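Let the sequences and hints guide you as you build the complete structure.
Spelled out from the first residue to the last, the chains are:
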Amino acid sequence: MSAHADTHAHDDHGHHHKETFMTKYIFSMDHKMIAKQYLITGTIMGVIGILMSMMFRMQIAWPEEPNVLFEALLGKWAPEGVMDADIYLALVTIHGTIMVFFVLTAGLSGTFSNLLIPLQIGARDMASGFLNMVSYWLFFLSSIIMVISLFVEAGPAAAGWTIYPPLSALPMAQGGSGMGMTLWLVAMAIFIASSLLGSLNYVVTVLNLRTKGMTMTRLPLTIWAFFITAVIGIVSFPVLLSAALLLIMDRSFGTSFFLSDIFIQGEVLHYHGGSPVLFEHLFWFLGHPEVYIVILPAMGLVSEIMASNSRKPIFGYRAMIASILAIAFLSTIVWGHHMFVSGMNPFLGSVFTFTTLLIAIPSAVKAFNWITTIWKGNLQMNPAMLFSIGFVSTFITGGLTGIILGDSALDINVHDTYFVVAHFHLVMGISALYGMFAGIYHWYPKMFGRMLNKNLGYIHFWITAVCAYGVFFPMHFIGMAGLPRRYYTNSNFPLFDDLADVNVIITVFALVGGVVQIIYLYNFFISIFYGKKATQNPWKSTTLEWTTPVEHIHGNWPGEIPHVYRWAYDYSKPGHDVDFVPQNVPLKEGEEELQH
Amino acid sequence: MTALLTIIVLVFILVAIWQMVKIFDLAQAKADCDQVATDKDNKINAYLMMGFLAFIYIITIVSIVKWGDLPLLSNSASAHGPTIDNLMAISLVIIFFVQTVTQFLLHYFAFKYKGEKGKKALFFADNNKLEAIWTIIPVIVLAGLIIYGLNTWVNIMGVDESDDPMVVELYAQQFNWTARYGGQDNTLGKSNVRLIDIDRANVLGIDEADPNAQDDIIVKELHLPVGKPVLFKMRSQDVLHSAYMPHFRAQMNCVPGMITQFGFTPTVTSEEMRQNPDMVEKVANINRIRVEKSEALVAKGEDALDRYEFDYLLICNKICGKSHYNMQMKIVVETQEEFDAWIKEQKEFKNSLN
Ligand code: HEM
Ligand SMILES: [Cu+2]
Ligand SMILES: [Cu+2]
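In the order they appear, the protein sequences are chains A and B. If you count by the UniProt record's numbering, then the first sequence holds residues 1 to 596, one letter each, in order. If you count by the UniProt record's numbering, then the second sequence holds residues 1 to 354, one letter each, in order.
Think of the hints as simulated: they come from the structure by calculation, not from any bench. Being a predicted model, the structure only gives us computed values, none of them experimental. Even glycine gets a Cβ: it sits at the ideal position worked out from N, Cα and C. Hints may be right or wrong, so weigh each one.
[Claimed, not checked] Pairwise CB distance ranges, derived in the manner of DEER restraints:
| no. | chain 1 | residue 1 | chain 2 | residue 2 | range |
| --- | --- | --- | --- | --- | --- |
| 1 | B | Ala132 | A | Ala154 | 38 to 44 Å |
| 2 | B | Ala89 | A | Ile518 | 41 to 47 Å |
| 3 | B | Lys330 | A | Phe253 | 52 to 58 Å |
| 4 | A | Leu278 | B | Lys66 | 39 to 45 Å |
| 5 | B | Ile198 | A | Lys76 | 42 to 48 Å |
| 6 | A | Ser252 | B | Lys350 | 39 to 45 Å |
[Said to hold, decoys possible] Computed footprint of chain A on chain B; a stretch qualifies when at least three of its residues, placed anywhere within it, have a C-beta under 8 Å from a C-beta of chain A:
| no. | region |
| --- | --- |
| 7 | 101–113 |
| 8 | 132–140 |
| 9 | 181–191 |
| 10 | 338–346 |
So this is what it looks like as C-alpha cells:
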C-alpha cells in the first residue's frame, strides 16, 4: 500500500476518496483516525486497569473485610464480599499487564507515533496505511482476548505480569495458569505482532518520508523518541515472543525449556533439564527495554511541550538526542538487574550493576536539560505544561531510587518488596502516564479540532499529582521495612502490623486518585462534541502539524507539503518579532540557523 | 464500614472539585473564555507549584519521622548486614540531597518564570560547559557508588570455604519451608524430587542409599548458632520461591531443578534482639495495635489476637500461588550450646523414615 502514500505525494489530494462510515471510522487507513482508535482503546483498558488497582488496594487496606464493591464486581470470586486470594493475584497480574502493555505501550506510542510522525515530518500518511490498520486491529483483538480472559472459569492469569514459570506453566500450581494463562499468552503474542508492524512502519516512515529540508537534526525530539522507541521494540519484542512460544510449548506440548525436576500435588512431572532462569533472561531482555519503550515517547512529548510552553528552545537538543541513543543502547544490556537474586552467577550481577548505574547518566542529563529549559522561560501554564513539569518531578523521584535497586548489594534486601513497587510506578508508571496526559491535552485540538476545558484540566492535574505522591511515596518506607509485594494480606505477620495504617493512607490516596480520573474522562468525551472550537495553532508552536487545517483531510495538507528551513525550537529567537518561528519559515537574509 | 468510608471519600472529592472549579472560575476574567492559559492561570498555577514543592517536602519529612524507624535500617543481625546498611544509608543521603535540590529548582523555576504577556524568554539553546558539568558529576558520584557497591556484593556473595560454614538446605514447596542440616559430617546427602516417597516419609527426595544422607536432620524450624558462618543451599520442588530473611539482609530465589546458595553469619541471638531497645519499642507498638484490634474483634464475638513476641523469620518473597502471603518459617538464633542441645533432640534422616 505504499503506492497509496505515493499517489498522495503527487499532488492529487484535492479530491477525496469516496468514504463510507466503515472506511472512515472503522477500517480506516488514515493515520489520524488510527491514532484516535488507539487512544480510545487504550483509555478503556486504562479504566479497567485503574479499577483493578483500586480493588486490590482496598483489599490490602482492609484485608478480608466484606466489601459491597467486590461482591458486585467480582461475583463468585468474592464470596460474601470477601476477596479470594487467587483473584487478588489475578487482579495484580492483569493490572500490571494492561498498564504496561495496553495503556502505556499501545495507548501511548500507538496514539502519538501515529498522530505525530506524518504530521511532524511532513508526510501525507504512514509508509503503509494498510499495515497500520492491521496493526491497530491486531491490538484491538489482543485487548478483547485479554478482557475475555477475565471471565475464564478457573480465573485469569495470576502469576504476576512477569509470568515466571513454573507457576505460569502448571495449572495444578495455580488456577489461573490454565485457560487464563493460555489466553494471556495468545493475547500477548498478537499484541507483539501488532507492535512489530507498528514499529516497522514508524521506522520506515521516519527514514523515508521526511519532507524537503527535514534533516534528521531538524526533527522534533518527539520524532526522535518515537523512532528510537520503535527500534528498541523491533529488537526486543521478538525475544518476548519466543519466550512466550517456548512457554506455550512447555505448557501444551511437553517440552522442557523452562521446567525441570518438579514434584507437585503428589506426583513427579516428566520435565527434565530446563531452567526457569532462562525464562527470566528472555523475559527481561524485553522487560527492561520495555520500560524505555514506555518512557521514551513520554520524554519526547514532554520535551516538545516544555519547549513550546516555555517559549524557549529545548536546552541541549543534541545532548537530548545523544542521551536517547545512549539510553536505547544501554537499555538492552541491563536486564540482569531484575535477577540479582535469581541464582545467576554473582559475577553477572556485578556486570549488570555496572551497566545499570551507567544508564543513570544519560537519564540525569535529560532531567537537568528539562530544568534548564524552563529556566528564564516565559512559562505558559497550560494543563499540558503542568503534566510535563509533573513528569520531570516524578521521573526524578522515581529515578533516584533506581540507584538503590540497581546496586546488587542493596537489592538483596529490597528486591520484590514494596520499595520496588514505589520505584517503578513513579519512574515509569506515573511518569509515562503524565507524559500521555500532557500529550493528550496538547494535541487534543489536533485530534478533535476542539479544545479541552482547561479548568477541568488544572483540577485533574493537581489532584492527580497529590495523590500520585500520596500513594507511592510512603510505599518506599513499607518496602524498606521488608514488606513483600504480591501479598494478599499481611495479617499473618504480626511483624508488619505497624504498617497497617500506612497501607490505609495509601489506599485512600489511591481511591481519590482513581476517582478523579472521571473528571478527565468527562472532559475528554464531552469536549469531542461540545469543546470550544480550536484555532489552527492554539499553542503557537513551531512544528509542522500546526500548519495543517483544523478539519482533518486525507493527505494532511491541502496544497503542497511545506518545506522545512530550520529546527523545531526557534522560540523567542532574537531578531524576530514573534516569539516563535515555524519550521516552514525560510531563514531571513543573514539569519543564522543557530543550531547547536 | 469500608463502603461507608468509600462514600465519604467520594463526597469529599466531589465537594473539593466543586470548590476548585469555583476558585478557577472566579479567578478568570469572564470575557476570556479561550482554553489557552492566561496570565492569571499562569500565576495561580505558579503559586500552586510552590505549594506542591512544599507538599513534597512535607510528605518526605512526615514519612521519615513517622515511618523512618520502620525500616530495618539499623539493627541488622548478620555479619555482612552493617555493610549493606551503611551503603544504603549513604545512597539514601545522596538521593535525599539530589531530590531536595532538583525538585526545588524545577518547581521554583516554574514559579519564578511564570508567563506574562509581553515578556520574552531567553533564547538559550545550548551550553557545552553546563552539559559537561552535569555529565561529569553523576559520573563521579556513580563511580563511587559502583565501586563501593560491587565490593560489598562480591564480599557477600563470595563463599569462603576456609571458614568452614555450616551447610543448611532450605527446601521450598507450596506453601511451606523445610530445613535440612548436614549432620555430623556437615554434608548434605544427595537429593532429587524424583526420589520423593511420601509413604516412607521421604518428603525431600533424599537418596536413601547415600551414606552422607543418613545423619541429615530435617526440621520445620530453623535454628542457627550465633557467630557461626552458615551456607544455605536452596531448593524448590514445584515453582519459584524466594528465601527472604530481612533481618539478616539475605535473599535468594529457590529454583526447581537447580541449587542456589547464599551464606551469612548471624551475629545477634533472638534473645538479644528482643532486648534491643529499638526492638522493644517496635514490639510494644505492635502489641498496642494488636490490643486495639483485639477489642474490636472481641466485640464482634471473635477471638482476640495473640501477644506478639519478636522472632526472626524466613518469608517467601517470590509469587508462588494462592498462599504465597503466608509462607513462613521461624528462625531461632541461639548460642552454640543451646544449638547443640537442640539439634541432639532432632531425628536423623535414617531414623525418620517409615
Ligand atoms: C491508580 C494508579 C495505580 C495504583 C494505585 C497502582 C497500584 C499498584 C500496586 C499496589 C501494585 C503492587 C501490588 C503487589 O505487588 O501486591 C501494582 C502493581 C503493578 N502496577 Fe500499578 N498502580 C497504579 C497504576 C499503574 C500504572 C500507571 C502502571 C504502568 C506502568 C502500573 C503498573 C504496574 C505493574 C507493572 C505492576 C506489577 C504487577 C505484578 O506484580 O505482576 N500501575 N500497582
Ligand atoms: Cu530493568
Ligand atoms: Cu511465595
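Against the structure, the hints:
1. At about 59 Å, the beta-carbon gap between Ala132(B) and Ala154(A) misses the expected band of 38 to 44 Å.
2. Distance hint check: the CB atoms of Ala89(B) and Ile518(A) are about 43 Å apart, consistent with the given range 41 to 47 Å.
3. Restraint check, Lys330(B) to Phe253(A): a C-beta distance of roughly 42 Å breaks the suggested window 52 to 58 Å.
4. Between Leu278(A) and Lys66(B) the C-beta distance comes to about 43 Å, which sits within the given range of 39 to 45 Å.
5. Distance hint for Ile198(B) and Lys76(A): a CB-CB separation of about 33 Å, inconsistent with the stated range 42 to 48 Å.
6. For the hinted restraint 39 to 45 Å between Ser252(A) and Lys350(B), the CB-CB distance of approximately 42 Å keeps it satisfied.
7. Only when three residues or more bring their CB closer than 8 Å to a CB of chain A does the claim for the region 101–113 of chain B stand; here the count is 8, and the claim holds.
8. Counting residues of the region 132–140 of chain B whose beta carbon lies closer than 8 Å to any beta carbon of chain A gives 4, which meets the minimum of three for the stated coverage.
9. With a cut-off of 8 Å between beta carbons, the region 181–191 of chain B has 0 residues touching chain A; three or more are needed, and the interface restraint is violated.
10. Figure legend: the region 338–346 of chain B, annotated as covered by chain A; annotation inconsistent (0 residues with Cβ-Cβ distances under 8 Å, at least 3 required).
In this structure, the hints that do not hold are numbers 1, 3, 5, 9, 10, in rising order.
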